[in-house]
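K.L.:
Just so we're aligned: 24 in the working numbering is position 24 of the sequence shown, and the numbers increase by one with no gaps anywhere.
Treat the hints with caution; some may be incorrect.
[To be verified] Derived CB-CB ranges, DEER-like:
hint : residue 1 : residue 2 : range
1    : Trp55     : Thr173    : 18 to 28 Å
2    : Tyr271    : Thr94     : 37 to 47 Å
3    : Ala52     : Asp9      : 14 to 24 Å
Keep in mind the hints are simulated off the structure, nothing from the lab.
Using N, Cα and C, we set each Cβ at its ideal position, and we do this for glycine too.
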Amino acid sequence: DDGVRIRVDDTLVVDAWEDQQQPNTSTGELYLAAGQHTITVEYYEHCGDASAHVWWQRREPFTAWQGRYFDNRDMVGGPALERDDAEIAFDWGTAPPVKWMPDDNFSVRWTRTVNFAPGYYRFVLQADDGARFWLDQALIIDQWRDMDYELHYVDGTYLQGPHTLTVEYYEHTGSARIRFWWEAGTNDNSPPTFTPLSPGAAPSPPPSESGIEAAWLDDPWEATYFASEDLSGRPVLTRIETALDHNWGLGSPGDAIPTDHFSARWTQPIYFEGGLYRFTTYTDDGVRVWVDDQLVIDAWRPMRGYRNATLRLFPGTHLVRMEYYERTGIALARLTWRRVGQ
Numbered sequence: 001d002d003g004v005r006i007r008v009d010d011t012l013v014v015d016a017w018e019d020q021q022q023p024n025t026s027t028g029e030l031y032l033a034a035g036q037h038t039i040t041v042e043y044y045e046h047c048g049d050a051s052a053h054v055w056w057q058r059r060e061p062f063t064a065w066q067g068r069y070f071d072n073r074d075m076v077g078g079p080a081l082e083r084d085d086a087e088i089a090f091d092w093g094t095a096p097p098v099k100w101m102p103d104d105n106f107s108v109r110w111t112r113t114v115n116f117a118p119g120y121y122r123f124v125l126q127a128d129d130g131a132r133f134w135l136d137q138a139l140i141i142d143q144w145r146d147m148d149y150e151l152h153y154v155d156g157t158y159l160q161g162p163h164t165l166t167v168e169y170y171e172h173t174g175s176a177r178i179r180f181w182w183e184a185g186t187n188d189n190s191p192p193t194f195t196p197l198s199p200g201a202a203p204s205p206p207p208s209e210s211g212i213e214a215a216w217l218d219d220p221w222e223a224t225y226f227a228s229e230d231l232s233g234r235p236v237l238t239r240i241e242t243a244l245d246h247n248w249g250l251g252s253p254g255d256a257i258p259t260d261h262f263s264a265r266w267t268q269p270i271y272f273e274g275g276l277y278r279f280t281t282y283t284d285d286g287v288r289v290w291v292d293d294q295l296v297i298d299a300w301r302p303m304r305g306y307r308n309a310t311l312r313l314f315p316g317t318h319l320v321r322m323e324y325y326e327r328t329g330i331a332l333a334r335l336t337w338r339r340v341g342q
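Build out the structure end to end from the sequences listed, making use of the hints.
P.N.:
This is the structure in structure tokens:
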């Protein structure tokens, strides 16, 4: 910040001789023969902050993921770091990927080519915050928005031979986590239990407080309550409930349960017609929802608000499970769903 030029011997490698609104990373590359080379760096400062950092690294062949790390959310300019990542499975917490990058407002692009054996594949992406996945030139999963470590996947993709995979990720603020992997999928003769709707727009607005979005009032939930925040210890209360729609206020679900620091688990096998369904929770505090042992909503932290996931359910009975915990203050827990497009 601001302008810079770099020459190696007599070759101009980096030419960014212009004002920068914020610190910007510019890169260049060239082949160097073994031996001594002269590096010349020219820099100017116009106004505001002044900073200049220069480094280089040897460009090795990438054996797995080519990771290009940017010190901004939009993957603009040159990468602040380029490295060979064995897998995309990172939990940086509130720290940066490397010490010279910011701990918020950074982004990463990973690419690799994989030679697939003939078959059906499932691709799974889980991130906090935004992420998207391309298969060759097709955008397969699009969740380019702030989110709380949500899981999204696509199933039933038939592949054979080499294909290019690209995963992009950005971190806004708070915790930074991302995982991406693939596994054997299913074909039409053995459909997946459900498929989250991957290419999507912004999260849906909160459901209306009036009116029922789901036909669950006549279906019993098996409810189990614990006198701990992590569902540990012996249950202090087990009962059948006709609806998962609770507002305990500053009270508790029962005499044996404390008003704060308790948790609960609800389970119910439910028959669904085939189609797209949007599941929505409204809780204070943390919540997790599974459908057929697949985690679809994960907001296990002190909070109050809505979370949702859109799933494609195949006709049949599916096991729905919701876990919840109360830290302090107001306690409420609600789960609804509705068929999309109906």
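K.L.:
Indicate whether the distance between the beta carbons of Trp55 and Thr173 respects the range 18 to 28 Å.
P.N.:
holds, 27 Å
K.L.:
Is the hinted range of 14 to 24 Å satisfied by the C-beta distance from Ala52 to Asp9?
P.N.:
holds, 21 Å
K.L.:
How does the Cβ-Cβ distance of Tyr271 and Thr94 compare with 37 to 47 Å: does it lie in that range?
P.N.:
43 Å Cβ-Cβ, so the 37 to 47 Å window holds.
Consistency note: the structure conflicts with none of the earlier hints.
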